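> The chain contents come next:
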Amino acid sequence: MTVFAIIASRGAPQSFRSGRNRWLRVVREGAIAAVASDRAGRSSPTAVNLRRYDRLLQELAERFPAILPVRFGTRMAEDELRSVLTSRRAALARALAHVRKRAQMTVRIVGRHAPREPRHTAVPLTGRAYLRSRARAAAAARVVPGFEPVRKAVARWVRDERVEHRAGVSSVYHLVPRSSADAYRHAAQTSAASSGLTAIVSGPWPPYAFAAFE
Amino acid sequence: MPRQKSDADAVLDSSEASLLDIVDNVLNKGVVLSGDLTIALAQVDLIYARLSVLLCAADRVLPHEDTDFMERHHARRKRRRQVRLRATRFGGTGRK
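For the record, the sequence lines run as chains A and B. So for the first sequence, our numbering puts the first residue at 1; every next one is plus one. So for the second sequence, our numbering puts the first residue at 1001; every next one is plus one.
Just chain A, same shape as in the assembly:
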């Protein structure tokens, strides 16, 4: 079966039809459930299929108060899925509670190169030194030159943040209350424009960037 999202069991139906008339099943294991489809066949990651997948997840995000989007192309047997839900129950429940009634907003900033991480000249010899070096690296990874005014402008809505730097684009993902998405977008765009930052704000998205956990 193809797995689309993890949701809380409570209040979820046994099965339902999506807006595109796809029959979806809710596989329950205690308080956690997965939204899946029994339809056979693999989806290749084409632009059309990716957009279709995202639309379905947007629809699920509107239907359920908390969802964790599952990586595109995840197919497993029902027994495997149940086993995964059971073995990861606690972590999934924590992640679901974290994203409940929240959405992801994405800000992409072009042309502001992230400062290079300082080169480690010496290997940390003690546990404390090692943890300090990890903390320094984590703090450095959050730095997006010129983004601080935007970060301050939207701080009141932000419940969590992830930052990535790839191929000349810095991406900042914020987890915000669903009801604040419009206010967030307006504040971020206004602040970016007034500080001369080339930033593209998108969302609300299902909380894709906050669904990954170890």
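In short, the hints are calculated from the structure, not lab data. Computed from a prediction, not measured in an experiment: that's the story for all the values here. Ideal Cβ positions, reconstructed from N, Cα and C, are used throughout, including at glycine. Heads up, some of the hints might be wrong.
Derived contacts from chain A toward chain B, CB cut-off under 7 Å, selection only [unchecked claim]:
no., residue
1, L50
2, Y53
3, D54
4, R71
5, F72
6, T74
7, S202
8, A211
Based on the hints, put chain B in the right spot on chain A.
Coordinates of chain B only, in the frame set by chain A:
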């Protein structure tokens, strides 16, 4: 002086921006389902399997495998071919 437009600028300026978001979200983010499966019989664990599914952009799992990846791939193929050729000359199969 105006900054020269990069590839990233070109993509983000166009309607492809939303597709970029979708690709990033759908292929690089989201839960990677994995679990531990232990098949037991009469309270004795017989089989342990780690279940995992992963599909994401190559630079996530192979951060250093960028431009020189194909060069190294060709070099490896060339080395293997030479080993096989040498082994054939000396009467072996060249395969381990």
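> So, for every hint listed, does it hold in this structure?
Evaluation of the provided hints:
1. L50: Since the shortest Cβ distance to chain B is 5 Å, the answer is holds.
2. Y53: 5 Å, holds
3. D54: 5 Å, holds
4. R71: Since the shortest Cβ distance to chain B is 4 Å, the answer is holds.
5. F72: F72/A check passes; min Cβ-Cβ to chain B is 5 Å, inside 7 Å.
6. T74: This hint holds: T74/A lies near chain B, its Cβ roughly 5 Å from the closest one there, short of 7 Å.
7. S202: 5 Å, holds
8. A211: For A211/A, the interface hint holds, since the closest Cβ of chain B sits about 5 Å away, which is under 7 Å.
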